[in-house]
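Here the protein sequences come in this chain order: A, B and C. Counting from 1, position 211 in the first sequence corresponds to residue 211 in this note's numbering; the numbering is continuous, with no gaps. In short: position in the second sequence from 1, add 1000, done, that's this note's numbering. In short: position in the third sequence from 1, add 2000, done, that's this note's numbering.
It should be emphasised that the hints constitute simulated quantities derived from the structure, not laboratory data. Predicted model, so just to flag it, every value in this text is computed and none were measured. Among the hints, erroneous ones may be present.
Computed far set for chain C versus chain B, every beta-carbon distance over 12 Å [unchecked claim]:
id, residue
1, Gly2068
2, Asn2123
3, Pro2214
4, Asp2358
5, Ala2361
Heads up, simulated DSS-like pairs for lysine-lysine below, C-alpha to C-alpha not over 25 Å straight-line [what the hints assert, rightly or not]:
id, chain 1, residue 1, chain 2, residue 2
6, A, Lys254, C, Lys2168
7, A, Lys254, C, Lys2314
8, C, Lys2340, B, Lys1158
9, A, Lys254, C, Lys2205
10, C, Lys2246, B, Lys1158
11, C, Lys2189, B, Lys1158
12, B, Lys1158, C, Lys2294
13, A, Lys254, C, Lys2108
14, B, Lys1158, C, Lys2205
15, C, Lys2289, C, Lys2246
16, A, Lys254, C, Lys2104
17, C, Lys2077, A, Lys254
Glycine included, each C-beta is placed from N, C-alpha and C at the ideal position.
Chain by chain, the residues run as shown.
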Amino acid sequence: MTATPGGPLSAAAPDGGALIARPSGRGSGRRGSRRQLSIRIAIFVVVLGYLILPLFAMLEFSTRGDYGSRTLGSYAAIFNDPNLTDGIVTSLEIAVLTVLGMLFLLVPTMVWTIVRVPRMRRAVEFLCLLPLAIPAIVIVVGIAPIYRWMGQNLGAVGASPLTLALIDIILVLPFAYRAIEASLRSIDVATLADASRSLGAGWPRTILQVIVPNIRGGILSASVLAIALVLGEYTISSLLAFDTLQVVIYLLGKRDPFISVAVSLAALVFAFVLLIVITRFAPGGARRGQLQAEEPLT
Amino acid sequence: MTDLPVSAPRPPTAQTVGPASGGAGARRLRGLGNYLALVPFHAYVGLFLILPTLIVAVGAFTTTEGQFTLDNVSRLFTDEVYVSAFTRSIQLAVGTAIGGAIIGGLLAWAVVRGDPDGLLRQVVIAVSGVLAQFGGVMLAFAFLATFGFNGLVTILFKDVLQVNILTDASWLYSLTGLAVVYTYFQIPLMLIIFLPSLDGLRQEWYDASASLGGGAWSFWRHVGGPILAPAFLGALLLLFTNAFSAYATAAALISQGSPIITLQIADAMQSEIVLGQENVGKALALGMIIIVSLVMLLYALIQRRASRWVR
Amino acid sequence: MRRIGLRGFAAFAAITVLVGACSSSGSSSAPASVAPASVPPASAGAPSAAPSTAVAAKDATSAADMGGVDAVCAAGKAEGQVTLIATPPDWANYGQMITDFSAKYGIKVQSDKPDANSQDEINQAQQLAGTGRQPDLFDLGTAVALAHTDMYAPYKVAGWADIPDANKEATGLWVNNYTGFMTIGYDTKLGDITTVADLADAKYKGKVALNGDPLKASAGFNGVVMASLANGGSADNIAPGVDFFKKLADSGNLIPVDPTPATIASGQTPIVIDWTYNNNAQTAVLAPKGITWKAVVPTDAAPVAAYYNSAINKDAAHPAAARCWMEYVFSDAGQNTWLKGFALPVRLAAMQTAGTVDQAAYAAINPPTTPPVQLTQEQTAAATTYLTDNWKFIAIK
Chain A
1 MTATPGGPLS AAAPDGGALI ARPSGRGSGR RGSRRQLSIR IAIFVVVLGY LILPLFAMLE
61 FSTRGDYGSR TLGSYAAIFN DPNLTDGIVT SLEIAVLTVL GMLFLLVPTM VWTIVRVPRM
121 RRAVEFLCLL PLAIPAIVIV VGIAPIYRWM GQNLGAVGAS PLTLALIDII LVLPFAYRAI
181 EASLRSIDVA TLADASRSLG AGWPRTILQV IVPNIRGGIL SASVLAIALV LGEYTISSLL
241 AFDTLQVVIY LLGKRDPFIS VAVSLAALVF AFVLLIVITR FAPGGARRGQ LQAEEPLT
Chain B
1001 MTDLPVSAPR PPTAQTVGPA SGGAGARRLR GLGNYLALVP FHAYVGLFLI LPTLIVAVGA
1061 FTTTEGQFTL DNVSRLFTDE VYVSAFTRSI QLAVGTAIGG AIIGGLLAWA VVRGDPDGLL
1121 RQVVIAVSGV LAQFGGVMLA FAFLATFGFN GLVTILFKDV LQVNILTDAS WLYSLTGLAV
1181 VYTYFQIPLM LIIFLPSLDG LRQEWYDASA SLGGGAWSFW RHVGGPILAP AFLGALLLLF
1241 TNAFSAYATA AALISQGSPI ITLQIADAMQ SEIVLGQENV GKALALGMII IVSLVMLLYA
1301 LIQRRASRWV R
Chain C
2001 MRRIGLRGFA AFAAITVLVG ACSSSGSSSA PASVAPASVP PASAGAPSAA PSTAVAAKDA
2061 TSAADMGGVD AVCAAGKAEG QVTLIATPPD WANYGQMITD FSAKYGIKVQ SDKPDANSQD
2121 EINQAQQLAG TGRQPDLFDL GTAVALAHTD MYAPYKVAGW ADIPDANKEA TGLWVNNYTG
2181 FMTIGYDTKL GDITTVADLA DAKYKGKVAL NGDPLKASAG FNGVVMASLA NGGSADNIAP
2241 GVDFFKKLAD SGNLIPVDPT PATIASGQTP IVIDWTYNNN AQTAVLAPKG ITWKAVVPTD
2301 AAPVAAYYNS AINKDAAHPA AARCWMEYVF SDAGQNTWLK GFALPVRLAA MQTAGTVDQA
2361 AYAAINPPTT PPVQLTQEQT AAATTYLTDN WKFIAIK
């Protein structure tokens, strides 16, 4: 299970992790009666209200100043706190490494299981979904000795927080797998690979320049999920004594509640903006990818 | 149309992709080479996932000196602290799974009945996507800013509405409080998991049911309910796993005492007070793995049934 | 918006990693860059400034071994930094101590995990052993300090003779540093609290916080001792204290939250059982936020005092800098800094005789006239055993 309390976002979304599901063949969808409409409105108000309330409270809390004034000082202080900026940079670096590592690990493997060894597909799928059955807290209990060894024997690299990327890749596997698999399913990988290889391209080039551009949607989805996971990861970072963003927010929360709430809200807004931006890309990219695959070879 | 250098016009299946050459021996060797390409992935997962799990599983049955023992595991059943921690963890997970599933399911239904390309749907889904991944620490702070002693709602109740219900903010640190906070991310998660299944409910089915004389209730009871049941149960199981495994939120809210199993494990990892505690932590972790694995197995079985109805 | 998609993403990612690797080498991985393997032993650096009999910093048991305090601190400056843990700026005036130390000796102070408790310090040292990021020094409560003497390096500071025998370990493994009295700090909006018994009042439901788990933190431990003294217990018997807290937990008065400056400021923990130096430090901090914070030594119990202990990590990555820090905090300037933070330093008696004590700071503390109760090592050990078996009730309902 992920370290964050956000579960398998797309593991159970059968249309493969495109984060906005498009409905299929439903007609106008406006058959609601007036009573149904009022029920819907009631549900929206209550549930969305409950979800939005803490966000609004965070905004109110983080703008409290001395002697009852309102101020944005807490937000400005985010950039003045070296621990916080260090934590942000560290987490972003780990996020980038995780995305790259995950892509290098997963995409060739998944393509290979489609094209060469379909018998292993079930095994790979099982391994990718296994992290859901092994909670992060359990992984960290088992991996602490490994990290201790790395820290003592691999010098500065072994002791660096960037090694967290190694575990974050594992944590993101279930979601990334689903996202990429859905994209792979929507194109004919075998034909593309066949065509590319028969034109003389080697495997690296085939994967990088033929297949990957066609699964851009899935890759982007997987990357966004990986970034969100890394930025929100607390369990493993704190128990292995690394200062990532969440750990710094937690420590900061003990000193200054206003800055920590401010940075939490800022991180949330950032994730939201990132999501909106990416989902504007993803479905379009996938569709365009399909068109390219279908162009005739004349 | 150019002449493609493929040897024979066979229909391209996975087995025949690529130029054919050589006899059975060469094919077998190539077959082996194919498997080799999967080694990096398996090695990586083996090292960073399987190995730690094995360390936990083996450690659960060893003493600090390395002898085999059932003591650690038996303590899970005899020591009152651990039994009550497991009980509370399961209660919390079940409660928030059911609560999140029902409320999230209702929200999903409300969203799905609207315009499929509308702004409301897109915004709700985007917001849910972010909130479902809302980190535990940040969520705890959000709730403290809302319901804490100086939180918005508490002050609202106290100063504006003059009602003193919430001035005792300790409820936030009780099981009830944890449940309320957990439900906060269970609801959006339910929305995201369940929405595609609701989308799969065709309008034609409702029309068919209506044309046979059934109303909304009859539709849900005979058509919609049975179709959605597997997906709903599957989502419920996922929510259970999510809440059961959660650590960060509880760690940020509760700094003393470890009422749930994830906090107990963290405690055991770091405690030096009683020797041999580290391996009891591994036993606790093993217990968690077993429970979660059972649930995920159930989920996998149900998923296979549910996928029949969703495109 | 089209082609940028993946290639642009990859380029952006590569650039970020490069930039991050270049810039972070100056900040977060700085401790790593001073890893043990790359730090030349002090004996290589010292000979240029001291006689050839100078000892390696990690083996020095006193300043004389390295040629005097100045030589120690010069070697420390060469090491670059000292890594502290659990030294929050508003705990016994550590903030001032760190600033003054850095200014005087030019050694950068890396202050990790300010709100860690004594057990967390040991855990951190063990988890990070050999990585270059481990703490160089400890500031531990007595129970935890005694349990881990195999992790310390013996060192006797310059003012060793001024410290009474009961306050130090004979070979210098650990030494008492400062103490205070157990107090109840509270937001005056809640009323007036003068005794431990007041805490059980129903109107304080969900408001009382003890600073730390008594098994892991000295402040928590001594809070239990104070409650025990108020309920008929003694230094040998803390059972009444444990029972009292059980009563508070059952009635919902006690909340399972570690009080920190943040929780006090946000109103999460309006009543805090903690040391004089912590509660008194909060008064000034909270005034602008509209909170009047008062700290009282309760009248229904003898005052409880307990020293914390300074020790050098045997496995310190910066052994000379660590020893320089020890010399500074036990010097007159350092001891007076603690005094200004409402804590009583261990060399107080000697400094009063020598006339070097900061009289104004001492007067501001206004220590109670009744002789305080301090648990001996044996009593602490016995109490810890009792707590291990009986403190399990602190769990939520």
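Holds or violated: C:Lys2289 to C:Lys2246, with C-alpha atoms at most 25 Å apart: Answer violated: C:Lys2289 to C:Lys2246 is near 33 Å, above 25 Å.
25 Å limit on alpha-carbon distance, applied to hinted pair A:Lys254 and C:Lys2104: Outside the cut-off at roughly 29 Å; violated.
Hint consistency between A:Lys254 and C:Lys2108 [alpha-carbon to alpha-carbon, up to 25 Å]: 23 Å, holds
Hinted pair C:Lys2189 and B:Lys1158, Cα distance within 25 Å: 14 Å, holds
A:Lys254 paired with C:Lys2168 [C-alpha distance capped at 25 Å]: 32 Å, violated
Non-interface label on C:Gly2068, tested against every C-beta of chain B at 12 Å: Non-interface label stands for C:Gly2068: nearest chain B Cβ at 37 Å, farther than 12 Å.
Holds or violated: C:Lys2077 to A:Lys254, with C-alpha atoms at most 25 Å apart: Since the Cα atoms of C:Lys2077 and A:Lys254 sit roughly 31 Å apart, the hinted pair is violated (cutoff 25 Å).
Given pair status - C:Lys2294, B:Lys1158, alpha carbons within 25 Å: Holds, at roughly 24 Å.
Given hint C:Lys2205 paired with A:Lys254 - CA-CA distance at most 25 Å: Distance of about 22 Å is within 25 Å: holds.
Status of C:Pro2214, Cβ more than 12 Å from any chain B Cβ: Answer for C:Pro2214: violated, closest chain B Cβ roughly 10 Å.
Given pair status - B:Lys1158, C:Lys2246, alpha carbons within 25 Å: 29 Å, violated
Hint consistency between A:Lys254 and C:Lys2314 [alpha-carbon to alpha-carbon, up to 25 Å]: 29 Å, violated
Of the numbered hints stated above, those contradicted by the structure are hints 2, 3, 6, 7, 8, 10, 15, 16, 17, listed in ascending order.
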